[in-house]
Amino acid sequence: MSAALRRRAVLALPYAWLVLFFLVPFLISLKISVAESVIGIPPYSALIDTSGGSWRLDLSGESYRRLFTDDLYVVAYLNAVKFAGISTVFCLLLGYPLAYGIVRAPRRLRSLLLLLVILPFWTSFLIRVYAWIGLLKENGLINNVLLTLGLIHQPLILLNNAFAVYVGIVYSYLPFMVLPLYAQLEKLDPALLEAAADLGCRPWQAFLRVTLPLSMPGIAAGALLVFIPAVGEFVIPSLLGGPDTLMIGKVLWDEFFANHDWPMASAVAVAMLLLLLLPMGFIRRLLQGETA
Amino acid sequence: MIHRLSPFLTVMLAVGYAFLYGPIASLVVYSFNASRLVTVWAGFSTHWYVELMHNEAIQQAALISLEIAVTAASGALLLGTMAGYALQRYRRFRGRALFGTLVTAPLVMPEVITGLSLLLLFVALEQAIGWPRGRGILTIAAAHITLGTAYVAVVVEARLAAFDRSLEEAALDLGARPFKVFLVITLPLIAPALAAGWLLAFTLSLDDLVIASFTSGPSSTTLPMVIFSSIRLGVSPQINALATLFLVTVAVLVTGAGRLMRARESER
Numbered sequence: 009m010s011a012a013l014r015r016r017a018v019l020a021l022p023y024a025w026l027v028l029f030f031l032v033p034f035l036i037s038l039k040i041s042v043a044e045s046v047i048g049i050p051p052y053s054a055l056i057d058t059s060g061g062s063w064r065l066d067l068s069g070e071s072y073r074r075l076f077t078d079d080l081y082v083v084a085y086l087n088a089v090k091f092a093g094i095s096t097v098f099c100l101l102l103g104y105p106l107a108y109g110i111v112r113a114p115r116r117l118r119s120l121l122l123l124l125v126i127l128p129f130w131t132s133f134l135i136r137v138y139a140w141i142g143l144l145k146e147n148g149l150i151n152n153v154l155l156t157l158g159l160i161h162q163p164l165i166l167l168n169n170a171f172a173v174y175v176g177i178v179y180s181y182l183p184f185m186v187l188p189l190y191a192q193l194e195k196l197d198p199a200l201l202e203a204a205a206d207l208g209c210r211p212w213q214a215f216l217r218v219t220l221p222l223s224m225p226g227i228a229a230g231a232l233l234v235f236i237p238a239v240g241e242f243v244i245p246s247l248l249g250g251p252d253t254l255m256i257g258k259v260l261w262d263e264f265f266a267n268h269d270w271p272m273a274s275a276v277a278v279a280m281l282l283l284l285l286l287p288m289g290f291i292r293r294l295l296q297g298e299t300a
Numbered sequence: 003m004i005h006r007l008s009p010f011l012t013v014m015l016a017v018g019y020a021f022l023y024g025p026i027a028s029l030v031v032y033s034f035n036a037s038r039l040v041t042v043w044a045g046f047s048t049h050w051y052v053e054l055m056h057n058e059a060i061q062q063a064a065l066i067s068l069e070i071a072v073t074a075a076s077g078a079l080l081l082g083t084m085a086g087y088a089l090q091r092y093r094r095f096r097g098r099a100l101f102g103t104l105v106t107a108p109l110v111m112p113e114v115i116t117g118l119s120l121l122l123l124f125v126a127l128e129q130a131i132g133w134p135r136g137r138g139i140l141t142i143a144a145a146h147i148t149l150g151t152a153y154v155a156v157v158v159e160a161r162l163a164a165f166d167r168s169l170e171e172a173a174l175d176l177g178a179r180p181f182k183v184f185l186v187i188t189l190p191l192i193a194p195a196l197a198a199g200w201l202l203a204f205t206l207s208l209d210d211l212v213i214a215s216f217t218s219g220p221s222s223t224t225l226p227m228v229i230f231s232s233i234r235l236g237v238s239p240q241i242n243a244l245a246t247l248f249l250v251t252v253a254v255l256v257t258g259a260g261r262l263m264r265a266r267e268s269e270r
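First to last, the protein sequences are chains A and B. For what it's worth, our numbering labels the leading residue of the first sequence as 9, then goes sequentially. For what it's worth, our numbering labels the leading residue of the second sequence as 3, then goes sequentially.
Rather than coming from a laboratory, the hints here were simulated on the basis of the structure. Keep in mind that the hints are not guaranteed to be accurate.
[What the hints assert, rightly or not] Heads up, incomplete: computed chain B residues facing chain A, CB under 8 Å, no partners named:
1. V110
2. V114
3. P226
4. V252
5. V256
6. G258
[To be verified] Which bits of chain A does chain B cover? Going by a derived footprint, with three or more residues having C-beta under 8 Å, they are:
7. 20-31
8. 118-126
9. 220-227
10. 237-243
11. 265-278
[Unchecked claim] Estimated spans, in silico, between C-beta atoms of each pair:
12. B:L174 to A:L31: 42 to 48 Å
13. A:L155 to B:Y23: 40 to 46 Å
14. A:A266 to B:A16: 40 to 46 Å
15. A:G208 to B:A16: 28 to 34 Å
16. B:R94 to A:L294: 19 to 25 Å
17. B:L255 to A:E194: 21 to 27 Å
18. A:E194 to B:R261: 22 to 28 Å
19. A:E194 to B:A265: 55 to 61 Å
Source: prediction; values computed, not measured. Quick reminder that beta carbons are idealized off the backbone N, C-alpha and C, glycines included.
With the rest of the complex left out, here is chain A (with noise of 0.2 Å):
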C-alpha cells in the first residue's frame, strides 16, 4: 500500500462516521426545526411540497416565532446561561485553590489527589446527583443534622429550588475544573515566584501577578468544559430543580418526549447551538493548542 492510499485509509473510516453521525444530524435538525408539527409518524410535515405536480419549498418560521416571543423559551434560555455562568464561578472559586493545592502538595500524594479527582468521574453522574436528594430533602441529613444541633428550629428548604441546582452543577462538574487548572499551574516554574519574592513581591502579590495571569489559559479550558455542558444540563434541574428552575435543555427534553413537536425541540437545539458555538469554537482551540 502506497503511504497515501495508506493515510486514506486511516482517515476514511473514522471521518465518514462522524460525518454520519454528528454532521447529518445537526443538518436534519436545522430542517426539522423550519418544519411544521403535524400529526402523524413522523411527526412533522415534509418541506418539499410535491403535490398538485410541481415542487414547492415549505418553509415554516413558526417554532423560531414562538421560540423569541413566548416567555416560557426565553426565560429558560436566560435561566440555563445564568444558571450554568454561576456554577462556573463557583466551581473556579472552589477548583482553583483545589488544583493549586494539589500542585504545591508533596510528590508522593500528589497522584493519589489528582486520582481522587477523577474518581467521581469514573462513577455514575446520575447516582451522585441522586445523593444530593438524600442529603437536600425536608428531612435530609442536612436538615436532621442542623435540627439537631439546634442551629435551625425548622428544616430549611434546600431542595427543588435554585440553590440544589446550584449545588448539582458546582458538584458534578468540578473535575472538569480541576483537571486542566492543575495541568496548567503545574507547568509553572517556580524559579519565577522565587524571582518575584527576591524583587520584594509578597506572596499574595506574587500570586496575582504571576501565578493568576499564567494560568489563565488552564481558567479558560475549565470555565468552557464546566459552562458548554451546562447550559444544556437535563439531569440536574429535573431531579434537583423545581418550577422556578427551568434551563432549556429540560424544556427540549419536553418538547419532544411530552409535547412530541419535533420542529419545536429541534428549532431549541439549534438556538442552544448557535449560543454555544462560540465558546466550542474556542474550547476546541485551546485544547489543540495543548496536544500540538
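Let chain A serve as the given structure and place chain B on it in line with the hints.
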C-alpha cells in the same frame, strides 16, 4: 514548586475532598440502613441488597447496558484510535479543520442536542432506506460510539504527542513495513492510552441517560433509564445499594489498574 502547603491550601483541600466524597459516603452508609427512609438510621441491614438481587427490571436493564457499553467502547476504540492517529500524524490534509471539529465537538456538546439530532437521523434514515428498523440496542450503541470516539481520539492523540518517534524511525530504517511498525512498536507503546480510552468510552456509555433515552426503543430500557424513573418516584435504598456496588467495582478496577501500572513501571 515549593513543597509547602499553607494552612489556607490545606483547609481548601480538606473542604474540596469533603465536598467530593461526602455525598458518596452518605450513599454507601444509607445503603445498609434497615429503614426505608433513607435519612433515619434504624440499624445495620443488607435487606436492600437482597431486594436488589430480586429486582428483575434492574438486572435486565443492567445486561442491556453492559451489552451496549461493550459494543460502544470497542467501536469507539477502533474509530477513535484511527482519528487520534490521523490528527496527530497527518499534519495536512483536505478537510482537517472540519475533521478536528467533528472529533472534539462531541466532548462538550450538550447531550440533549446530540440525542435529539441522532434520533432525527435514525428516523430519517429509516424513512429513506429502511434502516435501522425501529430503534433499540443498535441505535443506542451507534450513538455511544460517536461519543466515545471523541474521548478515545483525544486520549490517543495526547499519548502520541508525548511519544518518542525515533523507535518507529529505527524500525523503518531496519526495513520493517509501516503496518508492522505500527503493530510491533506503536501499538504496545500507546497501549495504556488505548486501555484508558476503552474504559472511558465504556463508562460513558454505561452512565448515559439522555442520549440513550432519545435513541432507544421499546425493548431497550437501559440501567440509567430505570434508575432515573425510580428516582423520580422517590428515593429508594435499593438505588443506594446499587450505587455502592458500582463504587466498589470502580474502586477495585482503579486500584488494580494502578497496581498493574506501578508493576510495569518498576520492571523498566
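To see whether the hints hold, each was checked on the structure:
| no. | hint | result |
| --- | --- | --- |
| 1 | V110 | holds (4 Å) |
| 2 | V114 | holds (5 Å) |
| 3 | P226 | holds (5 Å) |
| 4 | V252 | holds (5 Å) |
| 5 | V256 | holds (7 Å) |
| 6 | G258 | violated (13 Å) |
| 7 | 20-31 | holds (count 10) |
| 8 | 118-126 | holds (count 4) |
| 9 | 220-227 | violated (count 0) |
| 10 | 237-243 | holds (count 6) |
| 11 | 265-278 | holds (count 5) |
| 12 | B:L174 to A:L31: 42 to 48 Å | violated (35 Å) |
| 13 | A:L155 to B:Y23: 40 to 46 Å | violated (24 Å) |
| 14 | A:A266 to B:A16: 40 to 46 Å | holds (44 Å) |
| 15 | A:G208 to B:A16: 28 to 34 Å | holds (32 Å) |
| 16 | B:R94 to A:L294: 19 to 25 Å | holds (22 Å) |
| 17 | B:L255 to A:E194: 21 to 27 Å | holds (26 Å) |
| 18 | A:E194 to B:R261: 22 to 28 Å | holds (24 Å) |
| 19 | A:E194 to B:A265: 55 to 61 Å | violated (25 Å) |
The structure shown violates the earlier hints numbered 6, 9, 12, 13 and 19.
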